[in-house]
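Asker: Can you join these two chains into the complex? Each is in its own frame, and there are hints to help.
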Amino acid sequence: MAISTLAHRALEREGLGSIRDAVLSGRRIGDEDALRLLASKDLAALGALANHVREARHGDLAFYNRNVHLNPTNVCVASCKFCSFARKEGETASPGYTMTLDEAVEKVLSRRPLGITEVHMVAGLHPTLEWEYYPELIRRIHAAWPELTIKAFTAIEIHFWAEKYGKSYEQVLRELQAAGLVTMPGGGAEIFAPRVRRKICDDKATADQWIEIHRVAHRLGIRTNATMLYGHIERLDERVDHMRRLRELQDETHGFQVFIPLAFHPEHNMIGQAWSKPTGIDTLRTLAVSRLYLDNFDHIKAYWVSAGERLAQTSLAFGVDDLDGTVLDEKIFKMAGSTVPSALSETKFHALIRAAGRVPAERDSLYNVLHVHNA
Amino acid sequence: MRKLRTAAVSYFNTYPLTAGLRDSQLIELLKANPAGCAAMLESGEADLALVPIGAVAGKDYELVPGLALGCDGPVETVLLVGERPPQEWDELFLDTASRTSVVLARLVLDALGVHPKYTPLDSSESVARAVGTKGAHVIGNRAFDAKKPVMLDLGREWSRLTGLPFVFAVWAARPGVITPDVVAELTRGAQVGLGMRTELAQQFARENGGDPERYRRYLTQRMRYAVGPYEQTAMETFLAMAAEKGYLPPTTLRFAADRLVTRRTRRPVPVEATLQKGADGGRLDADELERLDEAAPLLELGLAADARRRALHPDGVVTYIVSRNVNYTNVCTTACHFCAFYRPRGHAEAYVLTREQLAQKIDDTVKAGGIELLLQGGLDPDLSIEWYEELFRWVKQGWPRIALHALSPEEIWFIARESGLTLDATIQRLVAAGLDSIPGGGAEVLDDEVRRRIAPLKCSTDEWLAVMRAAHRRGLKSTATLMFGVGEEPRHRANHFLRLRELQDETKGFTAFICWPFQSENTRLTASDTSAVAYLRTTALARLALDNIPNFQASWVTMGGGVAQASLHMGNNDFGSVMMEENVVSAAGTTFEMDAAEVERHIRDAGFTPMRRNMRYERLPSTTPSLSPTGGEGQGEGAPSACPSA
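Protein sequences, first through last, are from chains H and G. Residues in the first sequence are numbered consecutively from 2, following this note's numbering. Residues in the second sequence are numbered consecutively from 188, following this note's numbering.
One or more of the hints may lead you astray.
A short, non-exhaustive set of chain H residues, derived as facing chain G with CB atoms under 8 Å [what the hints assert, rightly or not]:
# : residue
1 : A3
2 : L7
3 : L36
4 : R37
5 : K42
6 : A318
7 : T348
8 : V370
Distance ranges between label pairs, derived from CB positions [to be verified]:
#  : chain 1 : residue 1 : chain 2 : residue 2 : range
9  : H       : L110      : G       : G433      : 25 to 35 Å
10 : G       : E481      : H       : S346      : 20 to 30 Å
11 : H       : S346      : G       : D467      : 37 to 47 Å
12 : G       : E481      : H       : G31       : 36 to 46 Å
13 : H       : P114      : G       : Q274      : 50 to 60 Å
14 : H       : D299      : G       : E423      : 30 to 40 Å
15 : H       : G27       : G       : G469      : 49 to 59 Å
16 : G       : P737      : H       : S111      : 49 to 59 Å
17 : H       : S111      : G       : D467      : 38 to 48 Å
None of these hints come from the bench; they were simulated from the model. For glycine and all other residues, C-beta sits at the position ideal for the given N, C-alpha and C.
Bound-form chain G, shown alone (with noise of 0.2 Å):
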């Protein structure tokens, strides 16, 4: 097969998603300038171009879906510089390599009410020339070097005006050319190319001089490379706007399907004489469950699973724990399509939390009989490893015995590439801190296939599971999730089983395994059944599937306490966690309440004996003082590895 012939503009910027492209197979990457690559996908000198959001006006092409070169406030690369403050200005020379940015700084200009005269004239002459009442557009590497009087940094003005990220470029072709093959391509070198932001760095401050430090920061703090919802609006926004300023023609995005199918053949598989094999405890393969998904009764997969249940936990206990789940902050770059919890960094609800805050919050947790704190929050590049080390040594020193179980792989992941470090040094350092486990949020469901698609830059599956096999080998425990309803199929939730059972075989490092819907509300992406059947199902399923996981815990914050009880008849033996607390879940729809009280009574009515346990799943003595209603106005969570994405 012929490769693609790739235009991409050869600004440092983009090196992270082009430069693990470089030895493709499917890509041949052709360089030029933002208007250049625009002109050869035009021309069709080019199959595929990087090319400025504003050169997809009025085009027919089709955009790659969660890829793009874009900013959060501050860019740093694209200015307006002079030597007087703009409402002074005149003139302004626009450098006409990138229309987009010419666009924006109308934008930008107009809202300020300053209307100069816009002449065009490229960056390398118009900075010298921007004095007096001219001002001057500069973009690209040559606005690391611009010092002027008056800077105005282009992405931090659209984040005041929008409360928006900024996209600059995408991933664009002719309609039929982005193939589910090209999105994993490109999905690929980016996720490459993004590990190597450090050695980018460095290599180009050699060939260019300058801080590699500094690079490294503009590339890791500043640039975004995830379209996710909030990107997505940034970009319908600006199109409009410029649209009904006529600076572009009008235009409806569209986005190339990203689909892979691949179907392994499979055998047939007979259901019932299946469920009774699970239910004896015989370890299912892939075919199995898959048939047992698509075609078993949900009181037949049931009876199966509260066999295993039974077998694994006999004497009819059912344990809850009280904690607290915070999130210390709502600042995330990944851009997940299904998380309506995340805010942009120049967002008006972005957050982090104070520790005062946070001292209220554990303070409350610790009256109200609460033995864990559950930390987790969005991927904040503001933050660095020493922030968590203090962090956890101050919650540590000022509430000993608190246990701390935080941070899902993806932030342990993040925080790691974020410093520099490897996982194991990274793991090490936290836990001397003091980290006591780590929830398994952020799985979502562990096949790449479906992973790209609803969250191209998140971590993938092996690298979830690697953070998990080095947490485990460090003797970390942590728990596993699955957030279902997503628009996977049977085979993905096969895969997600398969490669939580085989870690767990090499590590016993998994207590207990939750499942919940995911919840559409205030995001973009659709669900597929989310459904208490669906639920039920997909639990006693999994109890089927990780015969090695001991503990299934309900989530009755999601599917509320009747649906829960059902579920400890269908492979649960925990009904999760009291909590004061719940963020995530709750801003993407319907959550439910119960105090410790209620949710005792909710597991008796049950049939079973309600125990509270720690984090480790050890029971507690019974002389812990039974629950009053006074433990806390619980705010459940009853996946409290909260965060469908942290």
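Isolated chain H, as found in the complex (with noise of 0.2 Å):
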């Protein structure tokens, strides 16, 4: 499969025709290459690069699920400046909040007429709850709903329960996955880079131990996904590390199943008072770099509540074939200042899609084609 001519001669004229020839080869293209392209001026040349590689592994699919997202609790005891989410144990003023398990189970059910797949469930680091309460809010959720596949929980909170209930990693997960955990979502990576960690979120889960837990993870058959947070204080040599990190795990385990770049959303936090959110052209061309970088996953994610809806369907030409689900009660990215709708229909979503030339495939957690709407 070839590019076309006037992607060739783009290429040719940023100087970027060696990366051209190895992506187009299927060679893998190195650290350097990937920051040469993150700072190259000609974004329509990088998207045909990426969508080649895109098209390459899924033609004209566009990936969702249909899922909800459960947040049982947002106390948490980080202190991450990048989050507008969290709320510290007996705050008074903005009061956070714990579902009970009855109310957290109850919650997850009343969408069960929607007909979703999915229930992603992450929550903040809560110093006071027993360790029961986690598998046992999992092993509801699965009794009373089987078919629904069970997301749950970052390497941030496994770490949290990993030493504040003594036990390894090995053991909380087995005993969430005894429960009906099937897959982990990515999130709390960040910026794997210690000089940026030590800024934004200094007192959560460090880099080696995210890797860990999800190399834990996938040895013990549970799939995961990948976040990168960029656009606040990082280099761009610094994402490119993030990748590396994430790319040799994969080369190990082949855990992964996403990758998924999050912008920063400034509004309501810390980093927010300091630095303007990133322009949206970085999230294009950040997505179509880790598409070329990333060789090894297999599916890149535009999680559309964090791009807006413009430019998660600009991005399916950029190297991005998942736009995440329809999402119903999305609350982190809102409370950050998010703006887009708080889900998106499924007709909306087929609708975008179509008009970005592509062709929507609903999928289960683990990637499985569950139908695809041919128009």
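Answerer: Here it is as structure tokens:
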């Protein structure tokens, strides 16, 4: 498969000929290459190259699923400076919440008529809840609604509980898996570089711990996602470093399903007062470069709740093959100032995807295709 | 083909709808009074008729979209008259020639709490008998001469009651009769007739006596001939109120389809070779543009357009301007289906800005470093060319350094028509008063097949271009726009580009092209594809098509900063305006905000060098204070020639 003469010439002009040749012949590109691509000034040419890889893997399919978000608590001991969601226990000005098991299960079950296939569940690092709350929550949801896939808890929570309740990562994950956890979201990765982590999220799991937890999960057969929070104080080489560590673990385990770069949203949090939000073009560039660099990841996702409908749709030409889900009840980005609608109907989703010249394909949590919606 | 037997009222106010049909090959006109028209349609004596709105109640008729006979506020020819206030009337003589105005009279009196005895009686006798506690209902030409101590204008009363215009009569027929050809012919007739209202008034005065100027004002300022969203709502409201009272049977309005499909034979076009041709600066024809529109992948279009942008603007500079968009009035008579901004005259939200309000806005603009005032508004028949001249002189006197980028072709066309001046004379006077350049708004899609459907009484493609030609010849520069996503097809967009390109070859007067998607919230028109990808594709395609228009402006106001940045890599070389106000687009959907610092950050992040420009797209010396965040609160409008409509 080739790229057009126009794209060839543009890449040549930008001095990206060697990277283009590597990509077209299926060779892995290096960290330096990724850095040059991130700094490249020709967006359309970069897109054409990423699109080539994307179409070679997935043709015109654009994946999404039907999911509901559940955040059983936003009480959190961590103080991540980019977060607008968390509250401290006992905070009175804007108090946090913690659902009882009954409330949480009821909340999920109430969505049953909507035909969703996945619950996406993450929580704060709660200082006083008992360990049993978490496996029990999963167990109850699973018992009440066995067909629903449970995608739950980030490495940050796993690490926190392992320390708090004196368990190994493996013990924590095994107990959750036994309760019904199938797959894990990729949150909490932020940027792996210690310089950045010290400044923005000093008191939560380190990069090594995050990586180790995903390694263990993969070994236990739990497929996971990987994220990157970009556009705050990190440098471009630190984005590449982040992706490199993910690519290395993926070479080892093949347990990651998808890479999800997330643009930093500045409203209502501590970084936002000092830093402006990355501009939209950064989103398209980062997605395209991740498609080219992460050659061992099957999927690249533009999380539309974060990127907005327009950029998410556009990104389908920039290497992206997954737009996340119809997402009911999203809270974390909303509280950080995202203004996109809180849920997109499936019809709207299909229209957006088709208008981008792609074919909507509903998937399950493990990326099995459930239904290809040919027009 | 047999002509359609078409019944129409012979009242003066219907002349603009019928005068242009006298030599029609499709329509044969038969004259009758309103009730007569309805009867002829009912009996089959007529195939098509201009019937009172009340006569369609309970019937299975289809209506011609876009055209009607109505008013917006006072109408002067549908009156209730008497010697005492209506509250004291115990009997009202009703002119049964029009059932609609009978029902209107009753609804208005019901609302006033007046319930006289109703007695049918022709206007010819009733006026004389409306004495003491008796009132009379007078309609038509006779109402011009009615003189009584108490005169209730039913147009004004209805407007007070509902805030809506009123529709008296519509073209109706049995289902299937009103083909797209018929709609086209009736619309053509109306456009001709509306263009000769001055002559019609003079003719009427000659035949019946009276003041021709008064008649002209009646036709231009009292009567309305367009059906847009408000008029449609008005018809539905009237029928619903009448049905509720039992005056008329319940009705659902049905408009005939008016899509006229004319397809030319197309030759096969290879996509990749055509993209290359466009990228190399080759001139693309309609077949090639249509094919690329349908089949070229987004990024390939983008790469080809980017090659054009690089050829035309090789130094990587992206310009922007600091200006303010002021909409001097939202009163408009064009009734475009896609517009959420305009209000009928009697509406609670209708406004015309005062000098104090304008002064405040201009002062703010100057303080924020603004150098341009984009002044656009609705078509308000109460404003004459003198009003505009005075306004422009006042602006130039108070703020001599502010450039006036004002009045889209639709407004200039309207001012010329209302003032009885030629286009050239109108433009000359406006320029003498201070007009510097013209925004390219109101182009929508320059294809009459589309225009007729979305804005039947808006100026035609030829008229829009005629204004631009006249302006360019006078040395004025203008922009050109496209509003896509109103259900147009690739061939319509191709026509749009070709018509602009043709005029540009002739005049070189367009400085820039701007496109943006139709925003459908609060309107009755359903949008087609208005997504970000459609925006980027349209931008790129336009860059390839319009090889002779130098600048392309991004619409970040409708698309957001990210998509606008991407568009800089697919043909655009200008980031529009930091504007402190925008009303038209934001009335119909989401818009984005940015101040000048934020605009510059977006341009830099996208890999370009930001530079301020003036209205003629001349770059300003770098000594211009680079923008600090004091550049205004920046509610922008990337399509600065804002008016989707005016």
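Asker: All hints, please: hold or fail.
Answerer: Hint-by-hint comparison with the structure:
no.: 1; hint: A3; result: violated, 11 Å
no.: 2; hint: L7; result: holds, 4 Å
no.: 3; hint: L36; result: violated, 15 Å
no.: 4; hint: R37; result: violated, 13 Å
no.: 5; hint: K42; result: holds, 4 Å
no.: 6; hint: A318; result: holds, 5 Å
no.: 7; hint: T348; result: violated, 14 Å
no.: 8; hint: V370; result: violated, 23 Å
no.: 9; hint: H:L110 x G:G433: 25 to 35 Å; result: violated, 51 Å
no.: 10; hint: G:E481 x H:S346: 20 to 30 Å; result: holds, 27 Å
no.: 11; hint: H:S346 x G:D467: 37 to 47 Å; result: holds, 44 Å
no.: 12; hint: G:E481 x H:G31: 36 to 46 Å; result: holds, 40 Å
no.: 13; hint: H:P114 x G:Q274: 50 to 60 Å; result: holds, 57 Å
no.: 14; hint: H:D299 x G:E423: 30 to 40 Å; result: violated, 54 Å
no.: 15; hint: H:G27 x G:G469: 49 to 59 Å; result: violated, 35 Å
no.: 16; hint: G:P737 x H:S111: 49 to 59 Å; result: holds, 58 Å
no.: 17; hint: H:S111 x G:D467: 38 to 48 Å; result: violated, 60 Å
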